[in-house]
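Residue numbers (the numbering used here), protein chains in the order written: chain F, 1 to 180; chain Z, 1 to 325; chain S, 1 to 301.
Calculated from the structure, these hints are not laboratory results.
Where hints are given, some of them may not hold.
Unchecked claim - 25 Å max Cα-Cα, derived PhoX-like pairs, lysine-lysine: (1) LYS241/Z x LYS184/S; (2) LYS154/Z x LYS75/S; (3) LYS50/F x LYS36/F.
To be verified - Here are some of the chain Z residues that sit facing chain F, going by a computed Cβ distance under 7 Å: (4) PHE37; (5) PRO38; (6) ALA132.
For each residue, glycine too, the CB sits at the ideal point set by N, CA and C.
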Amino acid sequence: MQQARENVTIPKILTAPMHVLPLWPVSIALSQLARKLLRAHPTILSRIDKYQENLFELDITDLPFILRLHPARAELRAFRRSAAPDADARISGSLAAFLAMLHGVEDGDSLYFSGSLQIEGDTSAVLALRNALDDAELDLSTEIANALPLLAPPLRLALAPLEKLTGLHLQRADTTPEVY
Amino acid sequence: MELVCPAGTPAALRAAVDAGAHCIYCGFADETNARNFPGLNFSRAELAEAVGYAHARGAKVLVAINTFPTAGQEALWHSAVADAERAGADAVILADLGLLAYTAEHHPDLRRHLSVQAAAANPDAINFYASAFDVRRVVLPRVLSVEEIAAINKEIDVETEVFVFGGLCVMAEGRCSLSSYATGRSPNMNGVCSPPEHVDYATEGNESVARLGGFTIHRTPKGGAAPYPTLCKGCFTSGDKTGHVFEDAVSLDASALVPRLAQAGVTALKIEGRQRSKAYVAQIVRAFRAVTDALDEGRAPPALALARLSEGQAATTGAYAKTWR
Amino acid sequence: MDLTVAPNPFFWNAEAVRCFYAGLADAPVARVVLGELVCSKRLPFWQDEIPQAIAALQAGGKEVALTSLALITLKRERKLTADLLGMGLPVEVNDLSALHHIPEDVPFWVGPLVNVYNEGTLRWLARRGATRICLPPELPMASIAVLAQVAQAEGVALEVWGHGRLPLAISGRCYHARLHERAKDSCQFVCDQDPDGRDVDTLEGQSFLAVNGVQTLSQAYACMADHAARLQQMGISALRLQPQSMGFDAICADYAQLLAGDMTSAALISKLSAAHPDMQFCDGFGRDGAGASWGAKPVLA
Chain F
1 MQQARENVTI PKILTAPMHV LPLWPVSIAL SQLARKLLRA HPTILSRIDK
51 YQENLFELDI TDLPFILRLH PARAELRAFR RSAAPDADAR ISGSLAAFLA
101 MLHGVEDGDS LYFSGSLQIE GDTSAVLALR NALDDAELDL STEIANALPL
151 LAPPLRLALA PLEKLTGLHL QRADTTPEVY
Chain Z
1 MELVCPAGTP AALRAAVDAG AHCIYCGFAD ETNARNFPGL NFSRAELAEA
51 VGYAHARGAK VLVAINTFPT AGQEALWHSA VADAERAGAD AVILADLGLL
101 AYTAEHHPDL RRHLSVQAAA ANPDAINFYA SAFDVRRVVL PRVLSVEEIA
151 AINKEIDVET EVFVFGGLCV MAEGRCSLSS YATGRSPNMN GVCSPPEHVD
201 YATEGNESVA RLGGFTIHRT PKGGAAPYPT LCKGCFTSGD KTGHVFEDAV
251 SLDASALVPR LAQAGVTALK IEGRQRSKAY VAQIVRAFRA VTDALDEGRA
301 PPALALARLS EGQAATTGAY AKTWR
Chain S
1 MDLTVAPNPF FWNAEAVRCF YAGLADAPVA RVVLGELVCS KRLPFWQDEI
51 PQAIAALQAG GKEVALTSLA LITLKRERKL TADLLGMGLP VEVNDLSALH
101 HIPEDVPFWV GPLVNVYNEG TLRWLARRGA TRICLPPELP MASIAVLAQV
151 AQAEGVALEV WGHGRLPLAI SGRCYHARLH ERAKDSCQFV CDQDPDGRDV
201 DTLEGQSFLA VNGVQTLSQA YACMADHAAR LQQMGISALR LQPQSMGFDA
251 ICADYAQLLA GDMTSAALIS KLSAAHPDMQ FCDGFGRDGA GASWGAKPVL
301 A
């Protein structure tokens, strides 16, 4: 049986430099990623439907900043926790939990029932986003490679060892874990 | 036995087919189906494509049109039936008398299943639907014991389908207005129970509070397992008692009862959860397919360990084991 | 528009039943639906009162019908339902399986626990023999208006829930027994301790629901007085009043005056509030909102 990996956290050594580095390059890269991703998967926006104009806060608790997603503007920006504007809906959890959900390894409701993910604000908007992303069958490493080609070769090389090192689900699951 | 599996999105449908579902049920993205949640369900084009995917792999697709049409707006439900037939659906799952009558008259060749939302809980009700609308299969309400199901099957000629896993209505389905009492929106009218736009989560001190339409449904220690504020699973006070007055925050797991359900004459096993992700669907379907395969081959079915996927991470056999008596 | 008294959903002893229906014989209501709606196990305790109650009500000029159970599962419950037809009174169907026992040419009534949400269903029932239908309480006004027109065309009398704790759900599980930590089969009839149902509040003390055996009701009493005139204009033929243990005679009298134009809805509501200071009211379904809301106020304000 494959080990459930929603509880692992990113080693501090990887996140420490982000406390001091400026966030604007991160925001630019992330928005590039969001724009390409939404263009490649148009059903994401159609499923988010009337919540496209909502501001979603993704609080990845083991990162030193939080992310703000505005689907209609295809904006994904990073903010220091103290400087973030108010969002309509907020999802918080570890990077591992977010990636496991995004890559179809873990069920969002199960993560929520077990307390690995928490939500606040407009629950409808959260559901719309969750369902839209679940249907899109995303593979974040492929999306990153497509959106940020300069990053791609080192990323591809780094992916497998990084998965092993961190225990994170960095790629889409081809098979689901055994449950019996 | 036939395994009938949920799909809230085309991706979930493909995951269910790939995981071994014999049959998938799904609905259109509007008020015609009882899982009308944001971001969920199928467009007409998505359904046609999904039927193609399923049929190419030997699986069937059932379309749930199982809310009660709104007066003055029946055309929406009528077109859903026509569109399901056009997309190649193997059957439609209906609950409303008027819609059953309409479908029997205008789409006589489209196979009709009776939704659990019709709450046909005894042979008289089932025989009534069978004779009036030529219903071929009945999804039994979750208020019956295995013995009662066996007795029902002796008195009817149509197939029966029973829920074996997932969310559990403790009330007779399709006959509950708790949700609209608190929020104005109900399963019968809008296809949603305890709708998310009326849910409010807040942190107060060391507790997470979940409210629905302003009514407090749960207070749980912060960071612990947090159930969705479904009304009938809430924690309330009555006189000197405080607790889950209606039902604990558990979900149904009748996997251990599958052999007995087979003996009781049940044709199909249904998994609840069109609102759940493709990861959930794939895991549950694979687990239950192992059970039905074992049964078909005369082996003892494997014990499943599915609690992690359940609401409240705890399971019950519901009414099947007669503990409600 | 006139008044119909709903079947009493609660478990009252034989004497309470006798007094209640004796008193109702002179009340200004047009008709009364009698019988056990919620739990077949209660029936042996009070069924001997039914013949006298029918006789008294008919002597008082009331039309009388007998209700089916709301949820029929057991063999004896099916038999009970079949037997209802032999009594020579209209049967009010509150579980569709009762239709299996009603011949095609016998007229029947349909209660609020049957899902009549649209024209198609109403027409089908009318053609099957329904002559009177009480709509489900959660139905919005726009739907009621559409159905009122169809009902007139089909010759069906349409009723709307007028007063009393709303019947919100029915279950295979008995909540009274559960609250007393008893199994349903050995409940010892504990629901007789709560003649108007047992209150269920939220953890923060908000009044919310009431349980009555296998039934769940609203804790607030629906009062549709403010909507009566509009319903009358739509062509609704009766308001339905649900029995309660206290002050029901006055409730019948006040609603009769309201319909006759001899009392305003504001006067009815203030009289009701004065007579029952602890009672909470709701009419949200009449305002197309959450059923629990009351007047123009939002829920819980």
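Subject >> Violated hints - listed by number, lowest first >> reply: Structure breaks hint 6 only.
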